Amino acid sequence: MRNIAEIFKREVRFYFTTPVAYVVIVIFTAVFGFIFYRNLAYYSQLSYQLMQNPYYPQRIDLVLGIFAPLFSSNSIIFLLVIPPLSMRLFAEEKKSGTIELLFTYPLKDIHIVIGKWLAAVTILAAMLILTLPAPFMSFKFAGSGEWAPVLSGYLGLFLMGLAFLSLGVFISAVSENQIVALIISYGALLGFWFIGWAIEPGSAKPAAKIFEELSVIGHLDNFVKGVIDTKDIVYYVLFIFTTIFLSTQALESKRWRG
Amino acid sequence: MIKIENVTKMYGPKVAVRNVSFEVNKGEILGFLGPNGAGKTTTMRVITGYFPPTDGNAYIAGFSVTDKPLEVKKRIGYVPETPSMYGDMRVTDYIKYVGAIKGVARAELNGNVERVIDRCALKEVYRKRVGELSKGFKQRVALAQALVNDPPVLILDEPTSGLDPKQIHEIRGLIKSMEGDRTIILSTHILPEVSMTCSKVAIINEGSIVAEDSTDNLGRDISETHQIEIMVDGPENEVVQMLTEIDGIGSVSRSGGSYLLDTGKDRDMRALVAKTVVERGFGLLELKSRSLSLEDVFLKLVTEEEEVRQ
Chain A
1 MRNIAEIFKR EVRFYFTTPV AYVVIVIFTA VFGFIFYRNL AYYSQLSYQL
51 MQNPYYPQRI DLVLGIFAPL FSSNSIIFLL VIPPLSMRLF AEEKKSGTIE
101 LLFTYPLKDI HIVIGKWLAA VTILAAMLIL TLPAPFMSFK FAGSGEWAPV
151 LSGYLGLFLM GLAFLSLGVF ISAVSENQIV ALIISYGALL GFWFIGWAIE
201 PGSAKPAAKI FEELSVIGHL DNFVKGVIDT KDIVYYVLFI FTTIFLSTQA
251 LESKRWRG
Chain B
1 MIKIENVTKM YGPKVAVRNV SFEVNKGEIL GFLGPNGAGK TTTMRVITGY
51 FPPTDGNAYI AGFSVTDKPL EVKKRIGYVP ETPSMYGDMR VTDYIKYVGA
101 IKGVARAELN GNVERVIDRC ALKEVYRKRV GELSKGFKQR VALAQALVND
151 PPVLILDEPT SGLDPKQIHE IRGLIKSMEG DRTIILSTHI LPEVSMTCSK
201 VAIINEGSIV AEDSTDNLGR DISETHQIEI MVDGPENEVV QMLTEIDGIG
251 SVSRSGGSYL LDTGKDRDMR ALVAKTVVER GFGLLELKSR SLSLEDVFLK
301 LVTEEEEVRQ
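Residue numbers (the numbering used here), protein chains in the order written: chain A, 1 to 258; chain B, 1 to 310.
Hints in this document: simulated from the structure, not taken from any laboratory.
Values in this document were obtained by computation on a predicted structure and should not be read as measured data.
Mixed in with the good hints there might be a few duds.
To be verified - Listed below are the simulated EDC-like cross-link pairs for lysine to aspartate or glutamate, each with C-alpha atoms no more than 16 Å apart in a straight line:
id, chain 1, residue 1, chain 2, residue 2
1, A, Lys108, B, Asp55
2, A, Lys108, B, Asp118
3, B, Lys74, B, Asp150
4, B, Lys96, A, Glu252
5, A, Lys108, A, Glu213
6, B, Lys275, B, Glu245
7, B, Lys96, B, Asp118
8, B, Lys68, A, Asp109
9, A, Lys9, B, Glu71
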């Protein structure tokens, strides 16, 4: 445990001694804020128009109006801002040679992987926490609002972020170069996104079902709607376990090759 | 303390180290000598557990590097040839981080860090970032991180390369001062360094150990013969004939303007040779005894190996 904590502390400190964490957090919260503002403006205009017309319902749902589309667009922002967080974790150690000493310290590969991954997870958590004023403010202004579906959306986003990060850690573990790691991460994440589109909608073929279930973004849909399905949680957990395991294997192979 | 058994390491189809075996006892300093690319770094990386050997095994304090890598790594301090450390960290933070990772107890950590900073003369730079330091200070930080958990075994890969003479002197002094407490393997291609700091030498060439002995013995034992260098005034064939006829002279060869005589190592032939030359009426211009230096032994071994291979 202490090993993981030490690796974790060093990596978190590194995120903040370089501009990486600041840049990613600022860009993410700015884009999040902008989309939130657009959704809010559209929603308030819509509810104003609806109030004028007695034939329409007098209330529309705050979650469906603002937060569901906001969280859905978040998958694209995550796709852009998460790979820069994970790209350097191993690629830089390999390029600069610091991995040589790291490999001679009494550490298990899994400790190194988990420590580094958790450090990136901390930045992810900070990013999401910084967006919490959005639901607070809108519920305050609207005078009402349901927290449960919003929190379920946050849970979905967090799980998706964890999955993106663990895939990024794996790709960093097999790359010698940060930029290559970054671009491969973009490619892989886009691949996991498009895999859901590879099939005709409503196709009943078993292969189609498998492809649909593999899509890393498709599993966010239920969370956004406020539905927490075990299937989706299992998907993300399995995804994280697999990529973390593959990262340890990549380090092991690096050791053998020297 | 350190035992290496038939270690072979291959990078793909290329053999880097072939069947290397040697042992270092507790408290000894072993000089690991060889030309560049001979397999020194590869052997040392196997000992540190950086990568596993393709075949064979290495033991530190009885623990095998392949079966108990963590136990081995806890007992080793390693200074790589070009130590890459986290340049963004301050010297004290970095050493503390390494100490914690190596499992130094929390209560002892600060004391240990202070001690190695003192020992490696890092007082004046301990608040600077590692990346800002000069090569000499970086080398000392590397040594400090190796020593922070007080390991019984130290593996130093060319610890003095790239340093200025004063720094080389300091680092050598530091290494020498640990003789007896720690078991040290020190690789180098600088020969005087070995005779100055090490009690034992292993010479590696093209991936194989070609000699292993104590520093003093090596010069004596490897050379079966002792040499006399003599300069004589006179026609060459007559001089050579005369010299070969002297009892106890093995062979005569020319080197530059003088002759090299191989003699048995137990007898001092100088007086007899001088007497003979003068009695036969040749002019004796110069005569001196030549014992093989470590450098001669090294060159002889390394070049002999190549001849055998061809």
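Consistency of the hints with the structure:
For a cut-off of 16 Å, the pair hint linking A/Lys108 to B/Asp55 is broken: about 22 Å separates their Cα positions. A hinted pair counts as satisfied when its Cα atoms are at most 16 Å apart, and A/Lys108 with B/Asp118 does not qualify at roughly 31 Å. Using a Cα cut-off of 16 Å, the hinted pair B/Lys74 and B/Asp150 holds, with the two alpha carbons roughly 10 Å apart. For the hint linking B/Lys96 to A/Glu252, the alpha-carbon distance of about 26 Å lies beyond 16 Å, and the restraint is violated.
Distance check on the hinted pair: A/Lys108 and A/Glu213 sit about 33 Å apart at the alpha-carbon level, beyond 16 Å; violated. Among the hinted pairs, B/Lys275 with B/Glu245 is consistent with the structure: their alpha-carbon atoms are about 13 Å apart, no more than 16 Å. Among the hinted pairs, B/Lys96 with B/Asp118 is consistent with the structure: their alpha-carbon atoms are about 14 Å apart, no more than 16 Å. Under the criterion of a C-alpha separation no larger than 16 Å, the hint pairing B/Lys68 with A/Asp109 is consistent with the structure, at around 14 Å.
Using a Cα cut-off of 16 Å, the hinted pair A/Lys9 and B/Glu71 is violated, with the two alpha carbons roughly 24 Å apart.
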